[in-house]
Amino acid sequence: MTPRDLANLSPELFEWLEALCEDRLTPADAQRLEQLVLRDATARQAYLAYLDLHGTLHWNTAFGDDGANFEPAISPRLASESSTETQTKRGHRRLLVLAASVAVIAAFSFSIGRWFVPNNDSAPVAEKDEPKSIPSHDANKNERAVAQDHPGDLPPNKPLVLTDRPKSENIAAAASTEGRDPKTLNQSDKVVANDPRPLRPAGSAVARTAGSVQGIVTVINEHLAAGWKVQGVEPSPLADDAEWLRRIYLDVVGHIPPVEVAEKFLTDRDARKREKLLDSLLDDPAYVRNWTVVWTNLLIGRSDSRDVNRPALQKFLRENFAKNRPWNEMVAEFISAEGSFDQNGATNFLLAHLNNQAVPATAITAKIFLGQQIGCTQCHDHPFNDWKQDAFWSFNSFFQQTKVARVDRSDSTGKMKSQASALETKPVSGPAHFENRRGVALVAYPKFEGTAINEDAETNRRNELAKLMTKGDKPQVAEAFVNRMWDHFFGCGFTRPVDDMGPHNPPSHPELLDHLAREFVASGYDCKQLIRWVCLSDAYQRTSRFGKSNEQDNPETGASPLFSRVYVKGMTAEQLYDSLLLATGADNTPLASGDHDRRRHEWLQQFVHAFQTDENDESINFESSITQALLMMNSDLTQHALSMDRGTFLEKLTNSRDSEAEKIKRLCLATLTRYPTPKESLAFRKLVHEGTGARANPAGWQDALWAYLNSSEFVLVH
Amino acid sequence: MNLVPNGMTRRHFMSHMAATAATIPAIQFMQHLQVHAETVKKNQKACILMWMGGGPPTIDIWDLKPGSKNGGEFKPITAAGTQISEHMPKTAAQFDVLNTVRSMSTREADHGRGRYFMHTAYVPNPTVVHPTFGSVVSHELGSKRKELEIPSFVSIGGDPGSPGFLGMGNAAFVVNTQGRIQNADTDGMDPNRFKNRLAMLGTIEDSFIASKRGEAPQAHKDVYKKAIDLMTSKQMEAFRIDKEDPKTIDRYTNAGAPAGMMGRGNNDFGRGLLMARRLVEAGVPFVEVGMGGWDLHANVFNTLKDRNLPAMDTAISALITDLKERSMIKDVVVVWMGEFGRTPRINQDVGRDHWAASWSVMIGGGNLKGGLGVGQTDSDGLTCETKPYLPGNIWATACHALGIPTTTVHTSKRGRPMKIANGEAPIAELIG
Amino acid sequence: MSESRSNEPADDSGSLEQVPNAEFVQLFTKSQRRLFLFILTQVNNTTDAEEILQDTNVIIWSKFHQFQLGTSFFAWSGKIATYEILKYREKKRSGRLLFSDEFISRVAADAIEMSDEFEKRREALSECLRLLKADDRELIQARYAPGENGLKVAERLGRPTNSVYQSIGRIRKVLFDCVTRRLTATARTT
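Protein chains in written order, with our numbering: chain W, 1 to 718; chain Y, 1001 to 1432; chain Z, 2001 to 2190.
None of these hints come from the bench; they were simulated from the model.
Taking CB as the label site, the calculated pair distances span:
#1 Y/1428 x Z/2117: 25 to 33 angstroms
#2 Z/2162 x W/679: 29 to 37 angstroms
#3 Y/1185 x W/408: 45 to 53 angstroms
#4 W/442 x Z/2091: 53 to 61 angstroms
#5 Y/1096 x W/408: 52 to 60 angstroms
#6 W/305 x Z/2119: 54 to 62 angstroms
#7 Z/2091 x W/635: 42 to 50 angstroms
Even for Gly, the Cβ is constructed at its ideal location relative to N, Cα and C.
Based on the provided sequences and hints, a complete structural model is requested.
Following this line, the structure appears as structure tokens:
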């Protein structure tokens, strides 16, 4: 940093630095200072040097010029415990004679030491004072194992293990008496106050575990509230109707609420309106469309790189979600599917992944349906979960009889028109073959979670696998699905990633996950019921804003989720496309199936990148990307959205007889599902009257709509 | 709609913008325009990562095993002080500035995990997302390049990964090799009108950011700022490989393969490397260029001989020649790697499967030594006989070449210190 | 003491020293100012910076046996400070934080990088202080007297606040420029 460098810096920088030294920098200037300092390395140096100067002046007059000749500052807490405490004239600053205080400090250090996870690294790694609850012994052991496996890394966060809360039967017993934890009671009461449907259990302990919505919702509430209590956080306040409405629409049916619905809902005085709305959404055709999109993407991805019949899979999913087919039955269909890919849509899942000795099919089946990542175990034992290499190949062995066949399709005249792929079962017996890392050839017979099946040619292995995977009161399939759904609604699963469950990655709320999975099975794998439980829970009613004391509840930082607020998620490309069209009427049949789905799929391809590997994975370059920003600002899609042509939202709005204020409100409601703030209204009016005096400026309406569509508030689910 | 007269250039657009002033985003926009210098500094340090998606069989490319049952069909040829595959003759001729590291031992043989490990130097961990190395370089060097108006990390058909705790401001800008960035201009809109839109957007954004919902709203704003910078920059020309002399394009892309395979001008990887050179020239410190088609579980030799290697040989040798001719080779470090290598043993389908225990990467340029084959595997290629290396060693070596101190420590969002390149040391043989 | 230690995790027991040795104590005392300044660049407020320094010191003491003599004490203790700063920011988030996390991490990274230069700047500063006009030196000393700030100085002097702020700002800028010039000059001559 030379004088010349400094001369090139903005004089404003030094004004801000001055203000900073005197504690009178305004937040607005702080933001400008921050931007400048982040952008410009010289400004950053100047910032540092200036504060260093300020600090040195402060330090030297406070402690004397020579850094080596002063007594260290020690916590006043300690000082007060010390008999040798020296009160200086400096009032607010207490200094302590070093030598005499060592003993006190050493004693004190014990209590502090407990904040830290023991670490062999010489670096003083301070793990957050997180584990206020005592982690179970096993969890601790796992953590160390992981830490050793990642020498340069730190152990993951402690899981939240609610060891100090009573077992669920105790809770149930307590709940039926007066002896309930008052805080827990309050939490439930808040929900009751807001959503007047009585969520409290009917009274008996049995009622709450007998699958009633209220009973299960209460269990969720109690588990989460217990976590808040242990961690000392207050949950965020309840979301207002507008925030909740927008979120539940996006989560359940995949698009923002139509403006008419929003208007009606916000003025509706029915005390049970949230619950009623949820019921209507679960019966909405858009529910079926949304979950078809979600599961098509999971099962075969978005890219067109595979030889599958996408429309047939979508048809299969539509039919099954429409009749709320139990999830275990759907899973069994995918695992055991046979036939051609156009006639049995369920075949497309395996067809997409059967290359390379069904290695990808093995890994992806485990990942999607069991929430377990076992891909790496094909070559070696999993470093930290239960999957061993032979388990991978035993699982793989179930797919050994599967054969991909080509079937000719002819039209009515008998001429061959096209070819279809089909899944067939060939009568193969015996084990799968694989090599361990030393190149030793080994074999694996079909075996799932310890249960082997007959390895002869007559036994249909995929049928057997489908049965094994969906057997029992709490198979992994159920737990994985509950975890995935929880993640879908809260923006964070009980584990992260949601499909990497196992002892190496313990869930944040193991008992709740366990309970929900059992209830889900008991309900007959009823997807809509599961959604009801989640969406009527106290936690889902809360705002995505941070509250007064739950800043720590931020999984973005790697913290274990507490669900004391609803986390913000980005809209998927499909949600954005559908919401944009719905809000602006840019498409005459905004949510029509068929053409709409195809157009959307083609539009999506620009963001999708297939990795071209045997694992058939892909990435989508969409959320928070420059590509998305450019798309929203300048693309044809946005041009259409801003169109004033006949039938569009803007055309109808500007030609309506409503007052200008009404129109402004309506545009904001149509895009952000809320009314404009006074500041926005003012800015909006300025736009609409830009340069034309009292007369309205039609381009201003487009510009305002552009701004609303480009806002983070529009593209985020919050 | 077209309110800007024909012939109005980006420069005009900018000066027009600078004449007006208003609310925060507009001011940012303006400041940005004023700050940026006209000319770009020459000879800035940069890294080009050639990403071989799928896991390349390095035993057939960089570390051949003639005489072994695992050796396969190809013979080695001399490349400076080492040997490489006979199907890489043009690259062999440029090997005075390139090196192979033949004792990579990386454990992760799953595509997703290998991609993560090789890009970040850290194994996947559920509680933290580590930044991909391009984001690290963007963070370290990009912010120091005031004159740079386009993103400091560009991925051309690569698999770049996440910026992790370094934030979306350091995310890869993902483009294809077409050379045109879609939706990157306002289609001749009146700058004042665009300014009005940004001002209105700023009003909406600020109140949402202030509503405290985590980092996503601010990230959105930051990304918009980058996008707007991009839209108004004449450095966008760097993406336009069609501005190059057709002879140059030909040099990068014509593998001399039969038409229909990887014929003239149809080599995407070559186009990507050419764009990378243009971007690096414009000051972009990290460019990743992807080449796919390496997951060769079957028919490995024919695929390599007829398709992958001729295209790659042409593209890499053209890049190195070009960098030498432009006196950029001392400043640009090139790294070639995939998720892992492939099994020494040849399987029943004449393919090779995933193998992370002993394989090779290629690295060179910058101020690194050249012509070396560092490390050694046994005669069957099954184990490393010398000190095994991790991705952290490769990235630490790249740090050295880029002038980024290997003592650099980043802090995760929870305050965990994260050493650059996972604290590994540069490979001693390559520096000095 | 021994009772407390028995509750410590196993890898903390053994033949560890119970109290820091003299060398540690010396390194500790020497690092105080540097640490304080390091913290200050990230929290911008001297009172808060002192608080954090105190907390940091407590942790440093509790973990002294993890420090390896011969490695950089500043780097080691800086990590502890960084963590304390984070805790402080977490606590304060409900109130008002001037700067973002990104800002803090960037600044911290550069502060470590520049810490040697800062040592030189501090040396130059004492010389520059001597070169100040007497009036200016008095004013700046008044400003930095313990517990003081620009506002209080203005009240005591009975001068308009803004004018005092301006004077102090001018003097600080003079010092800043003086230090920068001196450093550039030394760089040229050596």
